[in-house]
Amino acid sequence: MINFVTPTLDYALLAPILIVLAGALVGVLVEAFAPRNSRAASQLFITLATLVLSLASLIRVRGKSSTAAAMDSVSFDGAGMLLQASILIIAIIAVFLLADQENFTALAAALPGSDEERTSLQQDLKVTEVYPLTLFAVAGMLLFPLATDLITLFVALEMLSLPLYLLAGLSRRRRLMSQEAALKYFLLGAFASAFFLMGVAYLYGYSASTTFAGIHAAVIGGAGNDIYLLLGIAFISVGLLFKVGAVPFHAWSPDVYQGAPTAVTAFMAAATKVAAFGAMLRIFYVSFAEALWQWRPALIAIALVTMVFGSLVAIAQRDVKRMLAYSSIAHAGFLLSGVIALNKSGLDASIFYLFAYGVATVGAFGVVTLVRDSAGEVTDLNRWSGLGKRSPWVATAFSGFLLAFAGIPLTSGFIGKFSIFSAAYESGSTAILITGVLSSAIAAFFYIRVIVLMFFKDPVEDGTSVVIPSIYTQITIIVSAVVTFALGIYPTPLINFIQSTASFLR
Amino acid sequence: MSINNYLYLSAILFTIGAVGVVVRRNAIVVFMCVELMLNAANLTLVTFSRINGTLDGQVVAFFTMVVAACEVVVGLAIIVTIYRSRRSASIDDASLLKR
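Just so you know, the protein sequences line up as chains A and B, in that order. Heads up: the first sequence begins at 12 in my numbering, then just goes up one per residue. Heads up: the second sequence begins at 1078 in my numbering, then just goes up one per residue.
No lab work stands behind these hints: they were computed from the structure. One or more of the hints may lead you astray.
[What the hints assert, rightly or not] Stretch by stretch, here's where chain A covers chain B in the computed footprint (C-beta under 8 Å, at least three residues):
hint, region
1, 1094–1104
2, 1148–1157
3, 1162–1170
For each residue, glycine too, the CB sits at the ideal point set by N, CA and C.
With the sequences and hints as input, model every part of the structure.
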């Protein structure tokens, strides 16, 4: 008989996650009890306060890093804290986009085109559930890269995914498309998490333990059945690669990026990527590092295909959100080279890249929310032509984000790409380096084509215009642009900070 | 009877579920196939728990059940919404997003 041991939780270290969860629950209570017209303002305030408080408590405990908490099921190490901070900062910037309620349907339960929907629009109802849902997703994302136990990892994966499935279906315009996006995201996401769980089961069968440390020990010991290890790594990778949107598990991302409300796309595209790559880095660096011959060739192949496929298919896109989706697939390929590198510089580079890419993504989608006609957002690229002549500031900001995606010097993207490819080269993956640079060049072509379209083509006269950004959207775009260029011009402090703190507790 | 038979059974169930997700066209049936895959994983976990002689696998199975229940709530909400707007739960009809 096993004696029951009272679990000890280190609340101070768990505080950033617990604060976000508490804020989400308060948000649910506000939904239930606050009068309808005061909800939007109070929810925005609660959400922002929660995220800032969480970030503050994370900064407060930073000195205590490199300890495991909650019975070794999460570990607070330098890398985990940096990833958490990135997720919180990205969430804070993205919440301002959610505040622009033009994005969301007035009443999610009303049928598209029904009288009910018209009344709800006339009454100016607001779907304020988006705030608690976002906070729940943020809590899952904060937990995901910290989890060192397969159970925690699985629960965190679902915790971040489920609210996002719902958020994807809440668009105000083109509601059928939005609901379709939610359905696709949900069915494919559930499919991928079933694979993930099967991977958990096989890894448990291999190592008789659900902790990363236990799996690591079993890999070194080599006593287990290697078939279970292979199946486990393969199935868990399917789940993680789905979340980051790598080929061949990318099918959901263009559809969901296009169908979901743009504010949600911004948050999801940026923050999910940080969380999922964080978890991926941890499990591969901590548990599977000694079994690298089992997974590295497959992962290199996936990274190469992802880079090339994302960059090539993006060229053919006529919709700006789909183009950004394929560009995010290409970026997933670039980021995979950080996982493959399997060295300290790969880890540092991945963390920097994730933060820089996340911030630029939120900014870029923030700009997309501004280009509208009478029927809502205009995402057709042809109708973006000449935008730079009518709204130079917005077009300049968007060009800046595109240049950052392309990795042009003086933007954060250049530093990110440079460091991640040099880390891959250091580890001996010359193929990754060459393919990465080549597909970056292909990608630069379609980014620059959009810039040319905006600044050097004549404007189309079909009612497409840039709305005056609300103060919230302005904050998002300005902050993202400032961070993107600041990190491009003077990245040394952040790089040094990452280099001195980023490490995984083994 | 060898305990490995349970592993074979769960692998077969998992495969049936995965094939079902790919070939079936009704969103509800696809979702049921996903649930079948989750339960196949549960059976694997419990079997390994028995083989390894540790309880962790059974604990994971409990967590899976709770998570699967949450997934049902979210999933059915989405499927019912789309059924109400389209009068059909076929995933082939939902093709607005194919460029």
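Hints, one by one, checked against the model:
Remark: the region 1094–1104 of chain B is confirmed as covered by chain A, as 4 of its residues place a Cβ nearer than 8 Å to a Cβ of that chain, reaching the required three. Coverage of the region 1148–1157 of chain B by chain A holds [criterion: at least 3 residues with CB-CB distance below 8 Å; count 6]. With a cut-off of 8 Å between beta carbons, the region 1162–1170 of chain B has 3 residues touching chain A; three or more are needed, and the interface restraint holds.
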